[in-house]
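Asks: Sequence:
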Amino acid sequence: MIEVKTPDELQAMRAAGLVVARTLAAVRAAAKPGVSTAELDELAEQTIRDAGAVPSFKGYHGFPASICASVNEQIVHGIPAKTQVLADGDIISVDCGAILDGWHGDSAVTLAIGKVSDADLALSAATEAAMWAGIEAVTAGGRLTDISYAVQSAAERAGRDDGIEYGMIVEYGGHGIGRQMHMDPFLPNVGKPGKGPRLKPGMALAIEPMLTGGGGETRELDDGWTVVTADGSRAAHWEHTVAITEDGPWVLTAAEDS
Numbered sequence: 001m002i003e004v005k006t007p008d009e010l011q012a013m014r015a016a017g018l019v020v021a022r023t024l025a026a027v028r029a030a031a032k033p034g035v036s037t038a039e040l041d042e043l044a045e046q047t048i049r050d051a052g053a054v055p056s057f058k059g060y061h062g063f064p065a066s067i068c069a070s071v072n073e074q075i076v077h078g079i080p081a082k083t084q085v086l087a088d089g090d091i092i093s094v095d096c097g098a099i100l101d102g103w104h105g106d107s108a109v110t111l112a113i114g115k116v117s118d119a120d121l122a123l124s125a126a127t128e129a130a131m132w133a134g135i136e137a138v139t140a141g142g143r144l145t146d147i148s149y150a151v152q153s154a155a156e157r158a159g160r161d162d163g164i165e166y167g168m169i170v171e172y173g174g175h176g177i178g179r180q181m182h183m184d185p186f187l188p189n190v191g192k193p194g195k196g197p198r199l200k201p202g203m204a205l206a207i208e209p210m211l212t213g214g215g216g217e218t219r220e221l222d223d224g225w226t227v228v229t230a231d232g233s234r235a236a237h238w239e240h241t242v243a244i245t246e247d248g249p250w251v252l253t254a255a256e257d258s
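As numbered in the working numbering, residues 1 to 258 make up the sequence shown, in order.
To be clear, the hints were calculated from the coordinates, so they are not data collected in a lab. Glycine residues also receive a C-beta, built at the ideal position from the N, C-alpha and C atoms. Mixed in with the good hints there might be a few duds.
To be verified - Listed next, with one range per pair, are the computed distances between beta-carbon atoms:
{"#": "1", "residue 1": "Arg-198", "residue 2": "Ser-36", "range": "43 to 51 angstroms"}
{"#": "2", "residue 1": "Gly-163", "residue 2": "Ala-112", "range": "14 to 22 angstroms"}
{"#": "3", "residue 1": "Ala-81", "residue 2": "Arg-28", "range": "18 to 26 angstroms"}
{"#": "4", "residue 1": "Leu-121", "residue 2": "Gln-46", "range": "27 to 35 angstroms"}
{"#": "5", "residue 1": "Asp-88", "residue 2": "Gln-180", "range": "33 to 41 angstroms"}
{"#": "6", "residue 1": "Asp-101", "residue 2": "Val-170", "range": "22 to 30 angstroms"}
Please construct the entire structure, taking both the sequences and the accompanying hints into account.
Replies: So this is what it looks like as structure tokens:
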């Protein structure tokens, strides 16, 4: 069963999504060479709490921070640390969640720190394009894996354009979201179209592709959280929370002016 929200409940999710959008904007502005990921985490938590919200991630199954800060070969679930200081040429994926009045928003961006290689910029752009392709496939009456197919197809298309076969992360993907951060269904980032539950207005999904500049194999570090590429290649991660409406997808974590 996929939870179906009322219009008022989706509006409440939009309010939570705006908190996340403003938090990621603050982190984006602060993410520069010489800044630690712990400093970014402190900024994110303060921004979320100043809005009257609570960080979704902090304490979630024991996670110790308010954002996931995944640098370079780290794909997802990177733990912010004072010792992780950003350097010129790094890329960092920042995943952020906030709870406002019981409703969750969840979004992620990949940021370039200083002067970044063309390959890393292309990797991030390919991942973002795959996310937007998935969002465009969010259609009432469609099937869940229509989104998966759109994400995969966009990633493969970007790879052909860029002359590289991007690694697709298949163990992790999108998910339902609402009064809980992770709800049914799991949304794969690869798959054939026309399968899975039928999409209905009022459903909400987090769409979040992850691509690498190398292979798709992963491993988890000893901290029990941080997932890295097995071959040391760099990774990117983009995510938005999206509602299904009769008029098409509504990006609940988009910035106010977008």
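Asks: Are the hints correct? Go through all of them and say.
Replies: Hints, verified against the model:
no.: 1; hint: Arg-198 / Ser-36: 43 to 51 angstroms; result: holds, 46 angstroms
no.: 2; hint: Gly-163 / Ala-112: 14 to 22 angstroms; result: holds, 20 angstroms
no.: 3; hint: Ala-81 / Arg-28: 18 to 26 angstroms; result: holds, 20 angstroms
no.: 4; hint: Leu-121 / Gln-46: 27 to 35 angstroms; result: holds, 30 angstroms
no.: 5; hint: Asp-88 / Gln-180: 33 to 41 angstroms; result: holds, 39 angstroms
no.: 6; hint: Asp-101 / Val-170: 22 to 30 angstroms; result: violated, 34 angstroms
The structure shown violates just one earlier hint, number 6.
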